[in-house]
Amino acid sequence: AQSVTQLDSQVPVFEEAPVELRCNYSSSVSVYLFWYVQYPNQGLQLLLKYLSGSTLVKGINGFEAEFNKSQTSFHLRKPSVHISDTAEYFCAVTSVYNQGGKLIFGQGTELSVKP
Amino acid sequence: DTAVSQTPKYLVTQMGNDKSIKCEQNLGHDTMYWYKQDSKKFLKIMFSYNNKELIINETVPNRFSPKSPDKAHLNLHINSLELGDSAVYFCASSPLGGGNTEAFFGQGTRLTVV
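One line per chain: the protein sequences are A and B, in this order. Residue 1 is where the first sequence starts when you use our numbering, and the numbers rise one by one after that. Residue 116 is where the second sequence starts when you use our numbering, and the numbers rise one by one after that.
Mixed in with the good hints there might be a few duds.
Some, not all, of what chain A presents toward chain B, calculated at C-beta under 7 Å [claimed, not checked]:
| hint | residue |
| --- | --- |
| 1 | Pro12 |
| 2 | Val13 |
| 3 | Tyr39 |
| 4 | Gln42 |
| 5 | Gly43 |
| 6 | Leu48 |
| 7 | Lys58 |
| 8 | Gln107 |
| 9 | Gly108 |
Below, in silico cross-link-like pairs of lysine-lysine (BS3-like), each with a Cα-Cα straight-line distance of 27 Å or less [unchecked claim]:
| hint | chain 1 | residue 1 | chain 2 | residue 2 |
| --- | --- | --- | --- | --- |
| 10 | B | Lys156 | B | Lys182 |
| 11 | B | Lys167 | B | Lys186 |
| 12 | B | Lys156 | B | Lys124 |
| 13 | B | Lys186 | B | Lys151 |
| 14 | B | Lys134 | B | Lys151 |
| 15 | A | Lys58 | B | Lys137 |
| 16 | B | Lys151 | A | Lys49 |
| 17 | B | Lys124 | B | Lys167 |
| 18 | B | Lys134 | A | Lys114 |
| 19 | A | Lys49 | B | Lys186 |
| 20 | B | Lys186 | A | Lys114 |
| 21 | A | Lys49 | B | Lys159 |
| 22 | B | Lys137 | B | Lys155 |
| 23 | B | Lys155 | B | Lys167 |
| 24 | B | Lys159 | A | Lys69 |
| 25 | B | Lys182 | B | Lys124 |
| 26 | B | Lys182 | B | Lys137 |
| 27 | B | Lys151 | B | Lys182 |
| 28 | B | Lys167 | B | Lys182 |
| 29 | B | Lys156 | B | Lys134 |
| 30 | B | Lys182 | A | Lys49 |
| 31 | B | Lys159 | B | Lys186 |
| 32 | A | Lys49 | B | Lys134 |
| 33 | B | Lys156 | A | Lys58 |
| 34 | A | Lys49 | A | Lys69 |
| 35 | B | Lys186 | B | Lys124 |
| 36 | B | Lys186 | B | Lys155 |
| 37 | B | Lys134 | B | Lys182 |
| 38 | B | Lys124 | B | Lys151 |
| 39 | A | Lys69 | A | Lys58 |
For the record, the hints were derived by calculation from the structure and aren't laboratory data. Backbone N, C-alpha and C fix where the C-beta goes; we use that ideal spot for every residue, glycine too.
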């Protein structure tokens, strides 16, 4: 079984500042890792994913994440945030052994960007 | 064109009623899902269907019954609604039921049981 812990429930930050949203996971098997974003009253949109290869993954809207197998982490970063980045961010994992495509989500991190 | 569409977007109903949420995807995907997001925004999978066949049923009460008339549709019917069923329900789809494919989510249906 897998589990995901997002270490911060809320992250307030000023516009143009850098941000890091932390995600740790637990799994007895290899996993794929994802970050999704949910804007208010909308569905989830994929930001980026790690499947294999380079541990630094670049996604949409200037976000990137680094997979660290030894620390079982997949932290999301952006060097300079915008007001429009205000949203809920979800880290998710799934087993590489295809359990019907089931995603296990973290509790979410609310990113609030202030002017 | 909306890739994954759900109707209705909002649903307010009384306890004990039966209601349905419809989902359609025009992406040609083989796998569809229902996820529930509770009041604390925690997301959990409920069901997964692959080509109309039930793959995952995550110990959801029998009052919830998914129906997939074809691989582009996955509807959710809920009997005898309870207060605890209030949540946002998301439909999603992916090309295959494999973990290495992106899931595309609908806009969600906010169900309020009063």
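Verification of the hints:
no.: 1; hint: Pro12; result: 17 Å, violated
no.: 2; hint: Val13; result: 19 Å, violated
no.: 3; hint: Tyr39; result: 10 Å, violated
no.: 4; hint: Gln42; result: 6 Å, holds
no.: 5; hint: Gly43; result: 4 Å, holds
no.: 6; hint: Leu48; result: 10 Å, violated
no.: 7; hint: Lys58; result: 15 Å, violated
no.: 8; hint: Gln107; result: 6 Å, holds
no.: 9; hint: Gly108; result: 5 Å, holds
no.: 10; hint: B/Lys156 with B/Lys182; result: 25 Å, holds
no.: 11; hint: B/Lys167 with B/Lys186; result: 5 Å, holds
no.: 12; hint: B/Lys156 with B/Lys124; result: 17 Å, holds
no.: 13; hint: B/Lys186 with B/Lys151; result: 21 Å, holds
no.: 14; hint: B/Lys134 with B/Lys151; result: 15 Å, holds
no.: 15; hint: A/Lys58 with B/Lys137; result: 34 Å, violated
no.: 16; hint: B/Lys151 with A/Lys49; result: 22 Å, holds
no.: 17; hint: B/Lys124 with B/Lys167; result: 24 Å, holds
no.: 18; hint: B/Lys134 with A/Lys114; result: 40 Å, violated
no.: 19; hint: A/Lys49 with B/Lys186; result: 25 Å, holds
no.: 20; hint: B/Lys186 with A/Lys114; result: 43 Å, violated
no.: 21; hint: A/Lys49 with B/Lys159; result: 19 Å, holds
no.: 22; hint: B/Lys137 with B/Lys155; result: 24 Å, holds
no.: 23; hint: B/Lys155 with B/Lys167; result: 31 Å, violated
no.: 24; hint: B/Lys159 with A/Lys69; result: 24 Å, holds
no.: 25; hint: B/Lys182 with B/Lys124; result: 19 Å, holds
no.: 26; hint: B/Lys182 with B/Lys137; result: 9 Å, holds
no.: 27; hint: B/Lys151 with B/Lys182; result: 16 Å, holds
no.: 28; hint: B/Lys167 with B/Lys182; result: 8 Å, holds
no.: 29; hint: B/Lys156 with B/Lys134; result: 22 Å, holds
no.: 30; hint: B/Lys182 with A/Lys49; result: 30 Å, violated
no.: 31; hint: B/Lys159 with B/Lys186; result: 22 Å, holds
no.: 32; hint: A/Lys49 with B/Lys134; result: 35 Å, violated
no.: 33; hint: B/Lys156 with A/Lys58; result: 26 Å, holds
no.: 34; hint: A/Lys49 with A/Lys69; result: 15 Å, holds
no.: 35; hint: B/Lys186 with B/Lys124; result: 22 Å, holds
no.: 36; hint: B/Lys186 with B/Lys155; result: 31 Å, violated
no.: 37; hint: B/Lys134 with B/Lys182; result: 13 Å, holds
no.: 38; hint: B/Lys124 with B/Lys151; result: 14 Å, holds
no.: 39; hint: A/Lys69 with A/Lys58; result: 17 Å, holds
Hint check: violations occur at hints 1, 2, 3, 6, 7, 15, 18, 20, 23, 30, 32, 36; the rest are consistent with the structure.
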